[in-house]
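Novice: So the chains spell out like this:
Protein chains: 2
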Amino acid sequence: MYIILVYDIKEKRVAKMLKLCRKYLTWIQNSVFEGEITEAKLMELKYKASKIMVDTEDSVIIFRSRDEKWLDKEIVGHERNPVEQII
Amino acid sequence: MYIILVYDIKEKRVAKMLKLCRKYLTWIQNSVFEGEITEAKLMELKYKASKIMVDTEDSVIIFRSRDEKWLDKEIVGHERNPVEQII
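Chains as they are written, first to last, in our numbering: chain Y, 106 to 192; chain A, 106 to 192.
Take the hints with a grain of salt, since some may be wrong.
Any copy, or any two copies together, can satisfy a pair, since identical chains are not distinguished.
In silico lysine-lysine, DSSO-like type, Cα no more than 30 Å apart, as pairs [stated by the list, open to error]:
1) LYS178 <-> LYS153
2) LYS151 <-> LYS117
3) LYS117 <-> LYS174
4) LYS128 <-> LYS178
5) LYS151 <-> LYS115
If you are wondering where the hints come from, they were derived from the structure by calculation, not from laboratory data.
Extracted from the complex, chain Y is given alone in its bound form (with noise of 0.2 Å):
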């Protein structure tokens, strides 16, 4: 399954949320990921999202696809390298 997640977190939270998200997408932008997961990855995900999160503040919107193909991605502007913020 193909998901994009993209994250509305607090400042003081922002950085384990980037943290966990990475270790099960790719991050493409700011508070945006992509990847390829399975559902109980997802599950696990979704679980440890949720011990950081505060739900009155915080939110995260996950869209799924079956398959990547259904969907075209087109950046404009800057296309940030991850590999400058995995340092």
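Based on the hints, put chain A in the right spot on chain Y.
Specialist: Showing chain A alone in chain Y's frame:
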């Protein structure tokens, strides 16, 4: 055509971009929009966005799907009410 648009824009240009994207799409989270749009309208939106953006600093990612039903959307945590941001 159904699209998800996510932008990563420097703060001083965010208000303009938000206003622009709202004319074409539905705001769903922080810097994330979705909606049905025609190819012509999307070209118009991209053109106008490029006038706001600084290529070396800003970026916009557009995911397109021929049909919204190919994507499931799930919101975890606080679902922001778009109305609260319109005012």
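Novice: Next, verify each hint and record whether it holds.
Specialist: Comparing the hints with the structure gives:
1. Proximity of LYS178 and LYS153 under a CA criterion of 30 Å is satisfied in both settings, with 27 Å inside one chain copy and 19 Å between copies.
2. Proximity of LYS151 to LYS117 under the C-alpha cut-off of 30 Å is restricted to the intra-copy arrangement: shortest distance 19 Å within a copy versus 33 Å between copies.
3. In the homo-oligomer, the alpha carbons of LYS117 and LYS174 never lie at most 30 Å apart, since the shortest distance is 36 Å inside one protomer and 35 Å across protomers.
4. For the homomeric pair LYS128 and LYS178, the shortest alpha-carbon distances inside one copy (22 Å) and between copies (21 Å) are both at most 30 Å.
5. Both within a single protomer and between protomers do LYS151 and LYS115 lie at most 30 Å apart by alpha-carbon distance, with minima of 17 Å and 29 Å respectively.
Taken one by one, the earlier hints fail for this structure only at number 3.
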